[in-house]
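Just so you know, the sequences run in chain order C and G.
According to numbering that gives the first Met the number 0, the first sequence holds residues 0 to 81 in order.
According to numbering that gives the first Met the number 0, the second sequence holds residues 0 to 406 in order.
Hints in this document: simulated from the structure, not taken from any laboratory.
No residue lacks a Cβ here, since even glycine has one placed at the ideal position from N, Cα and C.
Just so you know, not all the hints are guaranteed correct.
To be verified - If the Cβ cut is set under 8 angstroms, some of the chain C residues that face chain G in the computed set are: (1) 3; (2) 4; (3) 61; (4) 65.
Unchecked claim - Below 20 angstroms or equal to it, Euclidean Cα-Cα: the simulated SDA-like pairs (lysine to any residue) are: (5) C:78 with G:33; (6) C:26 with G:318; (7) C:78 with G:0; (8) C:78 with G:223; (9) G:23 with G:49; (10) G:16 with G:198; (11) C:70 with C:39; (12) G:29 with G:89; (13) G:30 with G:0; (14) C:78 with G:80; (15) C:6 with C:19; (16) C:78 with G:49; (17) C:78 with G:225; (18) G:16 with G:33; (19) C:26 with C:54; (20) C:70 with G:227; (21) C:78 with C:67.
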Amino acid sequence: MNRDELKQAIVQTLATIAPEIEADALKADAPLREQVDLDSADWLNFLVALHARVGVDIPDAHAARLTTLAKLVDYCARKLGV
Amino acid sequence: MIEFRLPSLGADMDEGKLLQWLVKPGDKVKKGEVVCVVDTAKAALDVECWNDGIVHALLVEPGTTIPVGTLLAVLREPGEAPAAVDARLAQLTAEGPKPAATAPVAAPVAAAAVTQPAAAGRRRVSPAARKRAAELGIDIDRVAPGADGTVSLEDVERAARAAPAPAPGAAPAAAPVAPAARAAQMRKVIAAAMARSKREIPHYYLAEDVPLAAATQWLARRNAERSVTERLLLAPLLLKAVASALRRYPEFNGYWRDGAFEPGAGIHIGVAISLRAGGLVTPALHDVDRVDVDAVNRALLDLTRRARAGSLKLAELTDATITVTSLGDQGVASVWGVIFPPQVAIVGFGRVVERPWVVDGAVRPMPIVTATLSADHRASDGHRGALLLAAIRDRLQAPDELVKGNE
Numbered sequence: 000m001n002r003d004e005l006k007q008a009i010v011q012t013l014a015t016i017a018p019e020i021e022a023d024a025l026k027a028d029a030p031l032r033e034q035v036d037l038d039s040a041d042w043l044n045f046l047v048a049l050h051a052r053v054g055v056d057i058p059d060a061h062a063a064r065l066t067t068l069a070k071l072v073d074y075c076a077r078k079l080g081v
Numbered sequence: 000m001i002e003f004r005l006p007s008l009g010a011d012m013d014e015g016k017l018l019q020w021l022v023k024p025g026d027k028v029k030k031g032e033v034v035c036v037v038d039t040a041k042a043a044l045d046v047e048c049w050n051d052g053i054v055h056a057l058l059v060e061p062g063t064t065i066p067v068g069t070l071l072a073v074l075r076e077p078g079e080a081p082a083a084v085d086a087r088l089a090q091l092t093a094e095g096p097k098p099a100a101t102a103p104v105a106a107p108v109a110a111a112a113v114t115q116p117a118a119a120g121r122r123r124v125s126p127a128a129r130k131r132a133a134e135l136g137i138d139i140d141r142v143a144p145g146a147d148g149t150v151s152l153e154d155v156e157r158a159a160r161a162a163p164a165p166a167p168g169a170a171p172a173a174a175p176v177a178p179a180a181r182a183a184q185m186r187k188v189i190a191a192a193m194a195r196s197k198r199e200i201p202h203y204y205l206a207e208d209v210p211l212a213a214a215t216q217w218l219a220r221r222n223a224e225r226s227v228t229e230r231l232l233l234a235p236l237l238l239k240a241v242a243s244a245l246r247r248y249p250e251f252n253g254y255w256r257d258g259a260f261e262p263g264a265g266i267h268i269g270v271a272i273s274l275r276a277g278g279l280v281t282p283a284l285h286d287v288d289r290v291d292v293d294a295v296n297r298a299l300l301d302l303t304r305r306a307r308a309g310s311l312k313l314a315e316l317t318d319a320t321i322t323v324t325s326l327g328d329q330g331v332a333s334v335w336g337v338i339f340p341p342q343v344a345i346v347g348f349g350r351v352v353e354r355p356w357v358v359d360g361a362v363r364p365m366p367i368v369t370a371t372l373s374a375d376h377r378a379s380d381g382h383r384g385a386l387l388l389a390a391i392r393d394r395l396q397a398p399d400e401l402v403k404g405n406e
């Protein structure tokens, strides 16, 4: 999986939690939970789905810092070595 | 003979539209099994049958709008002869105000059910999948289900990619309401329920600032070594505290009906979940006092997911004995809820904020959540309400005890 595919996978996972999102309209550097209107249960559902999809288990202490799509992609890319 | 009727759909919803039958005559049905999908102003709901039996006849066709209480189907009890059920059914429909719902009418429905592709067997279709299929003009019966036999949203999307041209032929499932129309309908239902609440219920309001150091530290310790799949949210701890306090002060858990308080049969907490398309649903978490915090966490995540996907069960939307709203998640400091009739109370939690707090004569930073109670003054008084909030506060200071399930 390369970086673009990883980003694609993250956005698709987000779409399973929030089917109403328009993937193209997502801003990579703006706060994700505000853009997509995710509450804390949605956010955890997203992290669980992401773990199943790309195999990255994000610890609680790290998850709070991953506020944007760009940060999420960076974090997962580092963990996966891509 | 078992009569399967359209159950109550909750406050201010007195009719629904039958979207689809998931069973056909001759099928065995187990207690609690979902047998049909009914569209309401709020969502397409899976409707369960609460008896064991064998489906004898389906009496209403998909696409029909029917009032609550309508006879939808009849089932044979185990060992009951079909002829006996026919006779009872004929008698029943002869007495009934609607002669249209006779056995002959059931025949075409039964026939339609039987003509479904044999390979489909007893498959399930999620409401989200059905909705998407309708949008895409895909015959849902031609979509191959996933490994678990359920046709999911993904299966529909896959089918759409494989066959971009709309499949011809009439689908046996009626199309659910379009999103815009649903939003308008939901607005009407919420308007009716909330106007009734403010017209009929004399609300009183109380608030208490609850220190959360013990609860948040407990949560951080618990989550530190856990995989994301086992992680706990704060909300289940708050819900457990409410449930535990309600055991002590049961006059806040139940309904005001016909001029008297009727205690709830269990502590079923409706959690307010706002929908992005507009409106909200308040599906119930069952027996929150009895189950442990991990079970509440799982149930909450599952309810949230299904509320978003439009796949809630009817019982979940009608069972709540009290409501909890956590608008703090969206960033407000406190929320003063409007009671959902015929319930008698709603508890609100605001955002968790660090504030200066005096402990043993010294000021130190403390995570605080403002807990509020809106309660029906016909059913309780402010003094008892204050005790309820104080109990919620105190329970949250002892998380080790709080998180357990209690018989």
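Outcome of the hint check:
Among the interface hints, the one on residue 3 (chain C) is violated; its C-beta lies about 20 angstroms from the nearest C-beta in chain G, farther than the 8 angstroms criterion. With its C-beta approaching chain G no nearer than about 18 angstroms, residue 4 (chain C) sits outside the 8 angstroms limit, and its interface hint is violated. Among the interface hints, the one on residue 61 (chain C) is violated; its C-beta lies about 10 angstroms from the nearest C-beta in chain G, farther than the 8 angstroms criterion. Checking residue 65 (chain C) against chain G by beta carbon gives a least distance of about 12 angstroms; that is not within 8 angstroms, so the hint is violated.
Between residue 78 (chain C) and residue 33 (chain G) the alpha-carbon distance is near 42 angstroms, which puts this suggested pair outside the 20 angstroms criterion. A hinted pair counts as satisfied when its Cα atoms are at most 20 angstroms apart, and residue 26 (chain C) with residue 318 (chain G) does not qualify at roughly 40 angstroms. Annotation: proposed proximity of residue 78 (chain C) to residue 0 (chain G) is violated, straight-line Cα distance about 61 angstroms (limit 20 angstroms). Between residue 78 (chain C) and residue 223 (chain G), the direct Cα distance comes to roughly 18 angstroms. Compliance with the 20 angstroms bound is thereby established for this hinted pair.
Restraint check for residue 23 (chain G) and residue 49 (chain G): the C-alpha separation of about 17 angstroms stays at or below 20 angstroms, so the hint holds. Proposed proximity of residue 16 (chain G) and residue 198 (chain G) is contradicted: the alpha carbons are some 29 angstroms apart, above 20 angstroms. A threshold of 20 angstroms between alpha carbons decides the hint, and for residue 70 (chain C) with residue 39 (chain C) the separation of about 18 angstroms falls inside it, so the pair holds. Of the supplied pair hints, the one linking residue 29 (chain G) and residue 89 (chain G) is violated, its CA atoms being roughly 25 angstroms apart against a limit of 20 angstroms.
Using a Cα cut-off of 20 angstroms, the hinted pair residue 30 (chain G) and residue 0 (chain G) holds, with the two alpha carbons roughly 15 angstroms apart. A threshold of 20 angstroms between alpha carbons decides the hint, and for residue 78 (chain C) with residue 80 (chain G) the separation of about 64 angstroms lies outside it, so the pair is violated. Proximity of residue 6 (chain C) to residue 19 (chain C) is assessed by CA-CA distance (about 18 angstroms); at most 20 angstroms being required, the pair is judged to hold. Restraint check for residue 78 (chain C) and residue 49 (chain G): not satisfied, since their Cα atoms lie roughly 49 angstroms apart, outside the 20 angstroms limit.
Our distance criterion of 20 angstroms between C-alpha atoms is met by residue 78 (chain C) and residue 225 (chain G), whose separation comes to about 18 angstroms. For the hint pairing residue 16 (chain G) with residue 33 (chain G), the CA-to-CA distance comes to about 16 angstroms; that is within 20 angstroms, so the pair holds. Distance check on the hinted pair: residue 26 (chain C) and residue 54 (chain C) sit about 24 angstroms apart at the alpha-carbon level, beyond 20 angstroms; violated. About 18 angstroms separates the Cα atoms of residue 70 (chain C) and residue 227 (chain G), which keeps this hinted pair within 20 angstroms; it holds.
This hinted pair checks out: residue 78 (chain C) and residue 67 (chain C) have alpha carbons roughly 17 angstroms apart, not beyond 20 angstroms.
When each numbered hint is compared with the structure, violations occur for hints 1, 2, 3, 4, 5, 6, 7, 10, 12, 14, 16, 19.
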